[in-house]
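Same order as they appear, the protein sequences are chains A and B. Under full-length UniProt numbering, residues 1 to 260 are what the first sequence spells out, in order. Under full-length UniProt numbering, residues 1 to 260 are what the second sequence spells out, in order.
It cannot be assumed that every hint is accurate.
For chains that are exact copies, the list does not tell them apart, and a pair is met inside one copy or across any two.
Lysine-lysine pairs mimicking DSS-like chemistry, simulated, CA-CA at most 30 Å apart [said to hold, decoys possible]:
id: 1; residue 1: K3; residue 2: K130
id: 2; residue 1: K152; residue 2: K25
id: 3; residue 1: K223; residue 2: K110
id: 4; residue 1: K22; residue 2: K107
id: 5; residue 1: K134; residue 2: K94
id: 6; residue 1: K31; residue 2: K133
id: 7; residue 1: K152; residue 2: K31
id: 8; residue 1: K94; residue 2: K3
id: 9; residue 1: K152; residue 2: K18
id: 10; residue 1: K152; residue 2: K3
id: 11; residue 1: K31; residue 2: K173
Keep in mind that the hints were calculated from the coordinates and are not lab data.
Spelled out, the chains give:
There are 2 protein chains.
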Amino acid sequence: MEKVSVIKIGGNVIDDPKALKKFLKDFSSIKGKKVLIHGGGKLATRMAEQLGIEQQMNAGRRITDEETLKIVTMVYAGYINKNIVAQLQAIDCKSIGICGADANLIKAHKRKNAAVDYGYVGDVDNVKTKQLKKLIDAHDAIVIAPITHDGKGQLLNTNADTIAQETAQALSKSYKVQLVYCFEKPGVLLDAADDKSCIKKMNPSYFNFLVKEGAIYDGMLPKLQNAFHALEKGVDKVRIGQSNALKSLLKGQSGTTIKL
Amino acid sequence: MEKVSVIKIGGNVIDDPKALKKFLKDFSSIKGKKVLIHGGGKLATRMAEQLGIEQQMNAGRRITDEETLKIVTMVYAGYINKNIVAQLQAIDCKSIGICGADANLIKAHKRKNAAVDYGYVGDVDNVKTKQLKKLIDAHDAIVIAPITHDGKGQLLNTNADTIAQETAQALSKSYKVQLVYCFEKPGVLLDAADDKSCIKKMNPSYFNFLVKEGAIYDGMLPKLQNAFHALEKGVDKVRIGQSNALKSLLKGQSGTTIKL
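Only chain A is shown next, with the shape it has when bound in the complex (with noise of 0.2 Å):
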């Protein structure tokens, strides 16, 4: 079965041109097929602050409102999605940048909640594996942005670490998957004060081992929840570490490997 990565990379590395440089250097040396899933950053919070726009909360959650979706539209899949994509054909990485509604690719519904209305936010409710294999296929790298669609015209604001899990997945039928969580601590910690005190690999029944022990902070709780559910649905393996260690990240060298 052929390799593919899928890697998500947050608002660490999209903020930092040095960084994200030396990153999608990194990502482009990786054998085999990659997806590359990039969340916002710092620019679209900026933009709205700039065009005067208030952040709408509700019961302490962000609310994408119309102008909100707008911004998140224009910076995701316009600005930062297609300077990556610059990028990478600078450094020989043929690649294509695409959002959920490209390629039909992903679909999803707006959030249903009786008690709160998170407005434009969309819950994933597929992966089109064909159109993205054909993507893959023709490609080195994809490139994508944290925006979907619900089939009838109306775009949605989602989760880029829930893109990454959901794209891993459907991948997982056709490919081996690992799929590779980039963010600003060096993995999972046993000491979240302490950088030092990262775990190398990860089970389920160490997990749980973990959990009963109270040693799994609150947000890391969902994203290794997540982790496992996508082990469960046939991804490969999980890694959670730091952008500017790609390359010993994917080797398991640092951060935490999470295998069923």
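Since chain A is already given, all that's left is putting chain B on it; use the hints.
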């Protein structure tokens, strides 16, 4: 030879949601493969104003400075491109939205001009026919935003009419191509002030005759010269007319049809 329609729309249809919806419905009903090239519209200008970015002018020409490039990339390749794609999916026209950086499709260079520095404006070097063909074969329609790249990581703002022409020419090696320019007038007019004076058919000798007579008004002359250039490069026919009359325009029942 399979037929491909390359259609360019401008701000007058992009800025009008109802007109755009009608246009996209007509566009999706065109038989055979299709490429849609969209210009900008007023949103980019409005965004620049709201962000307090002053339009830089030099010797009467608009300059694409760094901030303006950021805005046009966001608006053209992000907001407009993705909204068009989402609307096309909704009417079952399986499309993919890209810019010239994607798939390394359209390489350009920063315009060289000793007298005026136009900023980040790109003149097209080449269109990668092989990549374009792959995309065309894999999708019902390709939607192209007028942003190109220089192959060194730099995005460039590029004239949408030129992109349409270059794309049509590149495709004419493999397909029977009609190139369609939609604009606000019903076609090439004998009298610029009289919408009823539309010229139905034009060939090189009639064009030369009209030029000698001084009957071609200023803005139309380069458009027509480009049209004849495209025909000489292998494009089958060029049509010029109104976006709201796309169906009749494609049948030659409205607008101007230009052939060798």
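Do the hints match the structure? See the list:
In the homo-oligomer, the alpha carbons of K3 and K130 lie at most 30 Å apart both inside one protomer (16 Å) and across protomers (25 Å), since each shortest distance falls under that limit. Within a single copy, K152 and K25 get their C-alpha atoms only as close as 38 Å, which misses the 30 Å cut-off; across copies the closest is 13 Å, which meets it. Within a single copy, K223 and K110 get their C-alpha atoms as close as 22 Å, which meets the 30 Å cut-off; across copies the closest is 44 Å, which misses it. Taking the shortest alpha-carbon separations for K22 and K107, only the inter-copy value of 24 Å comes in at or below 30 Å, while the best intra-copy value is 32 Å.
In this assembly of identical chains, K134 and K94 lie within 30 Å of each other by CA distance both inside one copy and across copies; the values are 15 Å within and 14 Å between. With identical chains, the CA atoms of K31 and K133 are at most 30 Å apart both within one copy (17 Å) and between copies (26 Å). Taking the closest pair of Cα atoms, K152 and K31 come within 30 Å of each other only across two copies (22 Å); inside a single copy the shortest separation is 38 Å, beyond that limit. In this assembly of identical chains, K94 and K3 lie within 30 Å of each other by CA distance both inside one copy and across copies; the values are 17 Å within and 27 Å between.
Taking identical chains as interchangeable, the C-alpha atoms of K152 and K18 lie at most 30 Å apart only when they sit on different chains, with a minimum of 16 Å there against 39 Å within one chain. Taking CA atoms no more than 30 Å apart as the test, K152 paired with K3 passes between copies only; the shortest distance there is 28 Å, against 34 Å inside one copy. In this assembly of identical chains, K31 and K173 lie within 30 Å of each other by CA distance solely inside one copy; the values are 20 Å within and 34 Å between copies.
Going down the numbered hints, you'll see the structure goes against none, and every one checks out.
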